[in-house]
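Taking the hints into account, I'd like the entire structure generated from these sequences.
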Amino acid sequence: MNQNNDINDPHGDLDRLIDRISDGTMSREEFAEFEARLLEDSELRRRFRARMRLEANLHSECQASPTEILHPLMQAPGRPRLSRWAIAAVAGVAAVLAIATFITFRPVDPENPDMVATIMSEESAAWSAVGMIGKGARLSPGIISLERGLARLRFESGAIVDLEAPVTIELLDPMRCRLKRGKAIFEVPESAVGFVVETPNGYAVDHGTRFAVALQEDNEHVEFGVLSGRISVHHDKSQAKADVRSGDMVLMTSAGIGVADNTRSASSARALSPDTLVFPTNGRETSIVHGDMRKDFLDPSMLMVKKDIPVPDEAQLDRLLWAKDRRSLIAFDLGELDRRQQKQASLRLNMVSTGKGYAMLLPESTTIEVYGIRDVATLEHWDDVGLKWANAPGSVEDSTGVDTSEVSLLGSFEIKRSELEGSVVFESPELNRFVNNDSTGVVAFLLVSDSIPHEPWSLVHAFATSRHVEVAGPSLEIRRK
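If you count the sequence shown from 1, position 294 lands on 294 in this note's numbering, and the numbers rise without skipping.
In short, the hints are calculated from the structure, not lab data.
Since this is a predicted model, take the numbers as computed values, not measurements.
Incorrect hints may appear among the rest.
To be verified - Below 25 Å or equal to it, Euclidean Cα-Cα: the simulated DSS-like pairs (lysine-lysine) are: (1) 135 <-> 180; (2) 180 <-> 237; (3) 241 <-> 180; (4) 388 <-> 295.
Said to hold, decoys possible - Simulated restraints on C-beta separations: (5) 365 <-> 241: 36 to 46 Å; (6) 311 <-> 172: 33 to 43 Å; (7) 278 <-> 228: 45 to 55 Å; (8) 396 <-> 367: 13 to 23 Å.
Every residue, glycine too, gets a C-beta built ideally from N, C-alpha and C.
What follows is the structure in structure tokens.
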């Protein structure tokens, strides 16, 4: 086998490349070349992430307990050392997860005067690097990639950048960096006024502020949003310039600078064992948004949940200015399952990234409440396509409250803001009673976020629907006693 052919045609045999990386047979020169191809090729990155997610889900199915969040990538601890995923790699299939993607990275010696920045903190971070890095690492000019979790860097100038995976950033000097992939939030004190963030088609200059930059997958569209203060955005080709102030957002493309679109930011049960059945939704799933702007704020491949910052007197305002709370509904047809037999139930949801909002603007943990929808035909059979907020089970018209006459709380689970992918398995005594007391053959649930974000533009959590092209949709596992 000609191993160099693998590098020249990475689309041809991605699995073989990953195996070579994990077993140590890829040279450093080949490693660097493959890294460059990943940074340039969005399709190759997509396929690579899909392979990692598949390996992670297989590993999770075998080892995780049913009540915990399962992690699809490695977790890096607070100081530089091998992660649990990297150690597990020696034993088997999880080896591929210890790599994630690849970067050109050079940590510096503490005495190196060329130091640019320091990693101040991490949350469930997985760095892609030839060497291991982590909290406290001092960085010189070069490219770094964060493939999972969150991290905070402090430049020598005093500027702070919060990175949200997946993200790639090039450190140029204490007053300048280049965002090459993903999104980040910058906080610039007086000592670093004039800090520059470069992007493919232009750059932003800070004037003492806190602002966000999001580079879309196509490397063509870049959003600049100001949380407080002011920045100036400069377009390379046209030499156009825009002053962006607190609460405003602009979109940069190769053509120029414009106003950003703020609205973007199997048919039967499967048997696991003679006593266990897994039920899919069969498409009985949907999300709703307060204000009913479904086209702008929802995606049929995702079950979205978010509790937005409350807006005073919103009934007097245009709906575009309302709080954009999102909720999701799912239902399972239990068919001819014997209702007289006692059952134990588990609800499985697979998290996916929406690409909407910034995780750093959330509390460290978000509470998701699970409600059971009462056994009433008009509640259990909703319109999956155009369901309006006021008509949805458990919702209150012109309010973000929960109508407890239509739903009952079954429990809740927590999602760390650094958790963008993985599986959640929800179980509770209330869930068991709800399933065992079912009288219609259909059980339906409402998912509601109960955590208010710190600031606007915060992340929207989501779980895959049965329409998602890469991740499995919701399932209900029933174990008969």
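Against the structure, the hints:
Distance restraint check for residue 135 and residue 180: the Cα-Cα separation of roughly 22 Å lies within the 25 Å cut-off, and the hinted pair is therefore satisfied. At roughly 18 Å between alpha-carbon atoms, residue 180 and residue 237 fall within 25 Å of each other, so this suggested pair holds. Distance restraint check for residue 241 and residue 180: the Cα-Cα separation of roughly 21 Å lies within the 25 Å cut-off, and the hinted pair is therefore satisfied. For the hint linking residue 388 to residue 295, the alpha-carbon distance of about 12 Å falls within 25 Å, and the restraint holds.
Evaluation of the 36 to 46 Å hint for residue 365 and residue 241 yields a pass: the beta carbon distance comes to about 41 Å. Between residue 311 and residue 172 the beta carbons are some 40 Å apart, a value that agrees with the proposed interval 33 to 43 Å. Distance hint for residue 278 and residue 228: a CB-CB separation of about 48 Å, consistent with the stated range 45 to 55 Å. Checked against the hint of 13 to 23 Å, the C-beta distance between residue 396 and residue 367 comes to roughly 20 Å, which is consistent with it.
Comparing the model with each earlier hint shows no violations; every hint is respected.
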